[in-house]
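Colleague: Sequence:
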Amino acid sequence: MPLHSVEVDNFKSYKGVQTIGPFKHFTAVIGPNGAGKSNLMDAISFVLGVRSAQLRSTQLKDLIYKAGELEDSSAPHEQPKKASVTAIYVDHRNGQQYRFSRTITVSSEKSGASIYTINKKIVKLEDYLATLESHNILVKAKNFLVFQGDVEAIASQNPKSLSKLIDQISGSLELSPDYERKKAAYLEASKNSNDTIARRRVINAEIKDFKQQKTEMEKYDELCGKKDGIIIQHLLWKLFHIESQINEHLESIQSKNATLGPMRAEAAELERSVTAARREYAQVTKEVVRTENELKSREKYKEEEKLPRLVECEEKLKHLEKKKVNEERAMSNLSKEKAAKEKELVTLRRQLATVTEARDNFYAKQQASNRNVSISEEKLKEYQALKAKSANECPKEHELIKTINQDLKTKTFKLSQLEDQLEQAQARHKKLDQEHDTQTNRKTMTENKIDTVLRELNKKKKQLHDMQAEKTRQAQTETELKEKLQDCLKKISEAGAAQRESDSEMRIRTMVEKLRRIFPGVSGRLQDLCSPVARKHDVAIRIVLGRNLNAVVVDSQKTAFECVEYLKIQRLGAASFIPLDTIKVTPVNERLRNLATGARLAIDLIKHDPIYERAVQHACGNTIICDSTQIARHVVYEKGNEVKAVSLDGTVIHKGGNMSGGVTGLDGSRKFDDREVQALKRAQEDILAKIKANSSNAPRDNDEALLADISRLEANLAFLKDDLLASETTLAGIVSELGILSQKKDKKAQAEIDAIKSELKALEEAQSAVNRVEDKIFESFCKSINVENIRDYEGHHLQLQQQNSSEQERLETTVSKLQHQIDFETEQLEGLAERQATIQSVSGKTLKTLESVAAKKLQVENEMKEIDQEISKLSSQLEELVQAQSEKSAIVSEAKKESSKVIKVLDATLRDIGGWNDEIERLVSDRLNIFRRCKLESISLPILEGSLRQIPMEEAVTDAAPANEASSQNTPQAVDPRNHGIKIDYARLDDEEKENPSFELEQHFVEQLARLNTQIEAMVPKTRALEKLEEVENRLRDHDREFEAARKLARATKDEFTEIRNKRVNLFNKAYNHIKNEIHEVYRELTKGSSNDDRLAAGERGVSNDGKAYLELDDFEEPYLHGIKYSTMPPGKRYRDVEQLSGGEKTMAALALLFAIHSYQPSPFFVLDEVDAALDNTNVRRIADYVRKKSGETVQFVVISLKGTFYEKASGLVGIYRDNDWGGTKSLTLDLDQYGD
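Going by UniProt numbering, the sequence shown wraps up at 1237, each residue one higher than the last.
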């Protein structure tokens, strides 16, 4: 047999060295679960080179037998460090025997290493696997074994996995890396070849384009010649009409110069009159303002400084006088109270002396009475003996009675003192109650007075508020009138400025007029070319235009350069220009038109001619104008729009969020006529009259009286609040003292009463106990002296002593009470003396303060009289000054009116002359520019005299400018119309061109040139077509060489790829075709043997009663990249896919596939691990019959099985069992062939 036996040494559960086998051509491995059958499968797989990860172990050292795990003994065991498996293989072709061995060695730090030997000779793994492969044992394909669970995995695998399995079995998978590399190279070469073809198409298109450009060059030369002819005709037309206009302007200047002298003299005289009148008006106005400010200052000083001081002094005097009366009344009451106290104190001292004398007499009489009392000696001794016996009978009670009787006298005396103190406290309490009632009444009266003063004060304040509101209204009216007056005066001033026009404004206007006459492309200043749609937008529009207000709008950048050059030559100053053809314009953001109500684009609020649209848009941009600052803030800050916003009052919020303050107006281009000026003057007079009437109606006196009353009432209120606070403080002290007295009285009295009651109760209890004892002891004694009990005897005997004691106590109490009352009254008398001294001191201070305040009041009254006189005097002066101011204003207005009329006529004449001179300068400059252009551009003008070589390219500085400047003070002279000695031949012009200087003819020339320029400019970039054509043809030749190289490379890579692809396809198809053909027969054999009933039922259903299996490729060109569909037709059933089969049917189909695959390149032996686990007995028998049929000398089957139906068909058995005593797995063998069938 190919696999003769297996020797294991400490491998997994196999302890020590064991030989398993020999194996028959059909050997079944049997044994109980857990005995080690699968470990035998792992041993065969291990020795044939399968990795440890596929042997249910993570590391090689896990395959070594572990001592103690399978043994029952608890004794220590030595762990093996090495394990090995040896397979004894016999080649059936020549009978040669091989020993394939694999050994594991483990060190302390490593997981283990494998050593491979063949016939006890160590070899490399590659050589080991190669030797196995030479015997058709393919380790990678594992064509010699089927692990437990592989059948289920094969039955459930998808078509792609099945394809990959056949790819591996066929050997095609080993060519995959080379295949992928050559495929990538082929795809890259194909891409490069396609790119080269695309570039060649582009070059061919360029060649075609440049050939077309060559044709266009010829047309370009023709158009240039036609353009030169039109330019000459146009320039001759312009030069002819320039000379005509120069001659006309020279004649006009000469006629106007004669009228300038007389007009200048008259204008100078009138200007001097206006200056003198203005000077006088300014002096009077200055004096009016000064007097008015001084008047207001004195009135304010009186109301805010002196009047409050006077009211304060009056209230202080009233309060001090009242305080003085109260202090005198208090002194009188204190004197009366002090006399009464002194009288009462004398009476008390007299009473104390009488009682003291009576007490002393009582003590002397008592001593004499005690000497006369005597009792029987015998009875006294008996009484004393019995008393001693009684004391011995109840000593505790006697001691308690004795103690209490000793303290009872003291306590009684203290109680008398306490009653005396309580009586005094009650008297003090009564007095404090009287004072409390007095202070309460005083507080109530003060509160009533405060309420009355508050009502009066509120009434006065309301009157003052109404009065001040009226004054505020009058002041507001006066302020409004003054603002109107200032506005009126400002407009009058603006009217005068507009009539005179400043030198700077005149210079700018004159400069722009010159430019307009000289250069036809000059339109004027931007502020003169546009206007707001409403007057309320004036300020905002001027801020939006900003520095562009005086910018000059021109038709082109060329005109702008010519103007700048002209200004430099003539030294007329600087100016900014807006060329309509090249100016950059910010597109209007349509979203800004609907930002918010009250916010609109500035460009929408400006009226202008459509031809100036670009200039206005350039100046405005996307700036918006808002009706108020709040709307501007809302748009920029709250909505977050990055836009410049301008409000109607001039407030600007920039894009960055910065805000600049608003203005009430800007110097604009406001024009006034005579009627407006007269209306402004009449409005000025009306406003002055209203201001005067409003000032005379101000209720000053009533206001001052109310302020005085309020100050008086507030001072009185403050004093009343002080009295109220004093009353409340006194009341609080009285209430506090009353509380202390009540608390003190209650606590002490109650404590003494409780103590006395407690002692009396104890005395009563002790006395009762003693009485009971004494009644027994003194019973015979009482009978002998004829008394009921001993207490009657003692009471009669002691009655005299008790009466004396009571009288003594009464006298002592009376003496003590009188002494306490004398001490109390003495203390009260001392308090009255201190209060009397305090009131005398305060009264003196009050008198001094009263005299000081009276002096201050007199001083303030005198000062207010002086201020009233000053105010009256200033009011009279102000009325006189206002009248004089009005008269001077009328004089100034009349003088300005006369001067303005003369200056207007003079300025108009000078502007006319200046305009003609400017026009001559412009025409001369235009002619010079035409000559320069002809010289620069080599334009051949028809010239009769002179030459263009005489034309200077730069302007020479001459003496003409100083001469003109000097003459401007007298009579302006005409500009010298130099022609540089050139005379032009105008014969080429026809009569219509000479007579027609209109703009339409100019436009006709311009349009012709524009059309030609458009055609020519469109052709200019293509002048190098010939050079480009040659360059592109050279590129095409270079590209052809690249294309050929790429094409060869693509062909070569394609051939290599096709070769490797065909090789893979052939290998795959070879295996596939074999398996496809074989599986049908294998499946038929595995499923045959159905019963007659099954075959009859299948025949009735029209299906075959033999099992059939099919393999079908998803792709035929490269099948290894796609799946293989595996389907079967079990006996008696219709065709269906493997995944649709039942469990047993699916297992039979999987085994059929495994046996078919094994038949392609069959290994000498085939090891199966429990492949019959999921089959019933019928299918197990079929599998066993098939294996027994196929086994022989060339094919050996080793099958692990637990089913008797299967292993009873085997030729031999290998039994695996566990020996617990041994501590490992052992095996037995049995040859079944000796028993026959």
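The set of hints was computed from the structure by calculation and includes no laboratory data.
Watch out, some of these pointers could steer you wrong.
Claimed, not checked - Within a straight-line C-alpha distance of at most 30 Å, the following computed DSSO-like cross-link-like pairs (lysine-lysine) qualify:
1) K306 <-> K66
2) K491 <-> K584
3) K306 <-> K721
4) K1108 <-> K318
5) K1125 <-> K183
6) K449 <-> K460
7) K568 <-> K238
8) K286 <-> K491
9) K66 <-> K82
10) K322 <-> K338
11) K491 <-> K462
12) K164 <-> K324
13) K286 <-> K462
14) K901 <-> K1088
15) K238 <-> K461
16) K865 <-> K306
17) K296 <-> K865
18) K845 <-> K316
19) K1108 <-> K1076
20) K873 <-> K306
21) K471 <-> K443
22) K461 <-> K536
23) K536 <-> K607
24) K323 <-> K817
25) K690 <-> K381
26) K443 <-> K338
Stated by the list, open to error - Across the chosen pairs, the derived CB separations fall in these ranges:
27) D604 <-> D649: 50 to 58 Å
28) R507 <-> C224: 23 to 31 Å
29) N594 <-> N658: 20 to 28 Å
30) S816 <-> E378: 41 to 49 Å
31) N247 <-> V905: 22 to 30 Å
32) A679 <-> G261: 30 to 38 Å
33) D649 <-> E271: 30 to 38 Å
34) V905 <-> C224: 54 to 62 Å
35) N658 <-> K584: 21 to 29 Å
36) L936 <-> E266: 23 to 31 Å
37) L936 <-> R507: 29 to 37 Å
38) E879 <-> A718: 40 to 48 Å
Note that the structure is predicted; figures quoted are calculated from it, not measured.
Glycine included, C-beta positions come from ideal geometry on N, C-alpha and C.
Colleague: Hints first: check each against the structure and report whether it holds.
Modeller: Comparing the hints with the structure gives:
1. K306 <-> K66: Violated: K306 and K66 sit about 122 Å apart, past 30 Å.
2. K491 <-> K584: 39 Å, violated
3. K306 <-> K721: 26 Å, holds
4. K1108 <-> K318: 139 Å, violated
5. K1125 <-> K183: 26 Å, holds
6. K449 <-> K460: Given that 30 Å is the threshold and the Cα spacing comes to 16 Å, the pair holds.
7. K568 <-> K238: Holds, at about 25 Å.
8. K286 <-> K491: Given pair K286, K491 holds - Cα atoms ~20 Å apart, limit 30 Å.
9. K66 <-> K82: 11 Å, holds
10. K322 <-> K338: Within the cut-off at roughly 24 Å; holds.
11. K491 <-> K462: Judged against 30 Å, a Cα distance of about 42 Å means the pair is violated.
12. K164 <-> K324: 130 Å, violated
13. K286 <-> K462: 39 Å, violated
14. K901 <-> K1088: Given pair K901, K1088 is violated - Cα atoms ~138 Å apart, limit 30 Å.
15. K238 <-> K461: With Cα atoms ~88 Å apart, K238 and K461 exceed 30 Å; violated.
16. K865 <-> K306: Measuring from Cα to Cα gives roughly 10 Å; hence the hint holds.
17. K296 <-> K865: 17 Å, holds
18. K845 <-> K316: Holds, at about 14 Å.
19. K1108 <-> K1076: With a Cα-Cα distance of about 11 Å, the restraint between K1108 and K1076 holds, given a limit of 30 Å.
20. K873 <-> K306: Holds: K873 and K306 sit about 19 Å apart, inside 30 Å.
21. K471 <-> K443: 40 Å, violated
22. K461 <-> K536: 44 Å, violated
23. K536 <-> K607: The given pair, whose Cα atoms are some 14 Å apart, holds under the 30 Å limit.
24. K323 <-> K817: Cα-Cα ~41 Å, so violated.
25. K690 <-> K381: Distance ~133 Å between K690 and K381 Cα, so the pair is violated.
26. K443 <-> K338: 26 Å, holds
27. D604 <-> D649: 50 to 58 Å: 20 Å, violated
28. R507 <-> C224: 23 to 31 Å: Violated - the Cβ-Cβ distance for R507 and C224, about 45 Å, lies outside 23 to 31 Å.
29. N594 <-> N658: 20 to 28 Å: 25 Å, holds
30. S816 <-> E378: 41 to 49 Å: 44 Å, holds
31. N247 <-> V905: 22 to 30 Å: 27 Å, holds
32. A679 <-> G261: 30 to 38 Å: 36 Å, holds
33. D649 <-> E271: 30 to 38 Å: This hint holds: roughly 37 Å between Cβ atoms.
34. V905 <-> C224: 54 to 62 Å: 56 Å, holds
35. N658 <-> K584: 21 to 29 Å: 24 Å, holds
36. L936 <-> E266: 23 to 31 Å: With Cβ atoms ~51 Å apart, the hint is violated.
37. L936 <-> R507: 29 to 37 Å: 33 Å, holds
38. E879 <-> A718: 40 to 48 Å: 42 Å, holds
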